[in-house]
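Trainee: First residue of the sequence shown: 163, per our numbering; consecutive thereafter.
Treat the hints with care, since some could be wrong.
Here are the computed distance ranges between Cβ atoms for each label pair [stated by the list, open to error]:
no.: 1; residue 1: Gly535; residue 2: Ile340; range: 38 to 48 Å
no.: 2; residue 1: Thr542; residue 2: Ala290; range: 45 to 55 Å
no.: 3; residue 1: Gly481; residue 2: Ala425; range: 34 to 44 Å
no.: 4; residue 1: Gly399; residue 2: Met568; range: 28 to 38 Å
Bear in mind the hints are in silico, worked out from the structure with no lab data behind them.
Glycine residues also receive a C-beta, built at the ideal position from the N, C-alpha and C atoms.
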Amino acid sequence: MPKLLIRSGPISTLALAVAIGLTPLIASAAVHTSRHDGPVLPAEASRPTLADALRSVVVIGPGDPQAGPASGSGSGFVFTDEGHVMTNAHVVGSAATVSVTFIDGRRFQAAVVGVDPRTDIAVVRLPADAEAVPLTLAGPDQVHLPGAQVYALGNPLGYAFSVTSGVISGEGRTYDVITPVDFLQHDAALNPGSSGGPLVDIDGLVLGVNTATPAETIFDIGIGLAIPGGLASQVGGRLIAEGSIVRGALGLRVSHADRMVAAALGAGDVEGALIDSVEPGGASAQAGLRAGDLLLAIDHQAIAYPRDVMARTMSHGPGHRVTVDFVRSGRPGSAIVTLERDSPTLVGRVGLVAAGGAHDGGDLGLRVGPEEGRPGAVVTDVVMGSRAQNYGLAPGDRVVAVNGMMVASPEEVRAWIGGASGSLVVLRVERPGVGLRHVSIPRTPADSVSRRPGLASEQQSPLL
163 MPKLLIRSGP
173 ISTLALAVAI
183 GLTPLIASAA
193 VHTSRHDGPV
203 LPAEASRPTL
213 ADALRSVVVI
223 GPGDPQAGPA
233 SGSGSGFVFT
243 DEGHVMTNAH
253 VVGSAATVSV
263 TFIDGRRFQA
273 AVVGVDPRTD
283 IAVVRLPADA
293 EAVPLTLAGP
303 DQVHLPGAQV
313 YALGNPLGYA
323 FSVTSGVISG
333 EGRTYDVITP
343 VDFLQHDAAL
353 NPGSSGGPLV
363 DIDGLVLGVN
373 TATPAETIFD
383 IGIGLAIPGG
393 LASQVGGRLI
403 AEGSIVRGAL
413 GLRVSHADRM
423 VAAALGAGDV
433 EGALIDSVEP
443 GGASAQAGLR
453 AGDLLLAIDH
463 QAIAYPRDVM
473 ARTMSHGPGH
483 RVTVDFVRSG
493 RPGSAIVTLE
503 RDSPTLVGRV
513 GLVAAGGAHD
523 GGDLGLRVGP
533 EEGRPGAVVT
543 DVVMGSRAQN
553 YGLAPGDRVV
563 AVNGMMVASP
573 EEVRAWIGGA
583 SGSLVVLRVE
593 RPGVGLRHVS
603 IPRTPADSVS
613 RRPGLASEQQ
623 SPLL
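Hey, can you work out the whole structure from these sequences and the hints?
Mentor: Structural data, given as structure tokens:
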């Protein structure tokens, strides 16, 4: 069983606070004594502290290997009296069970109750004998004032039960053109392993579920994205009650059409979503929509990006009818679409940058191709959030050996990686402008739990 980077055994509130620099924050939970004259007055004992909140935070890792793979080591928090833990769908992956570890060293196997790929929320349930105090999620009407102090609690890079601080930067942020969630932006540091942890205020109220940094990055750059507490609470409640959330879908693929594209299609000075393809026999095909149609609105609400299309339909179930306004060959049109069942094929692609080894593929998440006139293979692509990326491989690296064996072609690289045994794949790579170096990548997501990125032993020395 992989060893998690946690401290086992009881930890006092004071010791914990000193360790993470929160000593002033626990003053309200302590009873102070004084040597000077006058009565000794207790501080406000009722106000919760961040040290209290950390007791409800958990490290989530792989559970029973026979029950499907968890995506990597992440974070979560207890949010109901019945022992339900909230995290991200991309942390849980396709697992049926995960391991859950508390700050006092208690570790349990928790059953996955349900996942919602579209919002990247997952719920797991602790066994009945696991005592835990739930955190409270903010309501849907919670106002997030820019500049308000917040704290991110979680397991970044294997540093379990860490606290980082920052402020609210904004609301209604997007992750990409696909994900239909209006994220809360903050600048409390997030790194791989932070996914699923709570974003709280000074009283421990959960304002959001930390999920991602921008898609262009992997480590913290001062922009963190969290699923708002109101949405997380709503989705979590439905997962507990229903086990899954069945949503409606149009049965098509679209891309963003800016004003220049729209003008070229004869739609005028607007933005829209251009239909790339329509599923044969699907809901949109039956309603008469075609590839090349420019979608402008659904139920009279304007759309521009693919995420807008999903946002307009995901609150409805299969069989619900929506009105779609579009332009075809420069002429406006309208169609009534009866939604089909949404069947997302990717679980939680959002947030991979904060997951800590979320890519499950046996190829580690890298693509290689030949380099003319030279042996080995060149890395042509590294999957966002994959173990290859998390552990330092980059496009342009030339792989010359795998686990000490020289390789002459992309086929040999793939064969050696696929046939590797043990917990690590050690690649000798030549990096432009750097020279030869070694990159060690855990072979499975479970292996990455006990070997976090950035180990001192893997830092390259200067010329000696």
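Trainee: Look at each hint and say if it fits the structure.
Mentor: Each hint, compared with the structure:
1. In this structure the hint that Gly535 and Ile340 lie 38 to 48 Å apart at CB holds, the actual value being about 40 Å.
2. Taking 45 to 55 Å as the suggested C-beta distance range, the pair Thr542 and Ala290 conforms, at roughly 50 Å.
3. Hint check: Gly481 to Ala425, Cβ distance near 36 Å, so the stated range 34 to 44 Å holds.
4. The given range of 28 to 38 Å is broken by Gly399 and Met568, whose C-beta atoms sit roughly 56 Å from each other.
Hint check: a violation occurs at hint 4 only; the rest are consistent with the structure.
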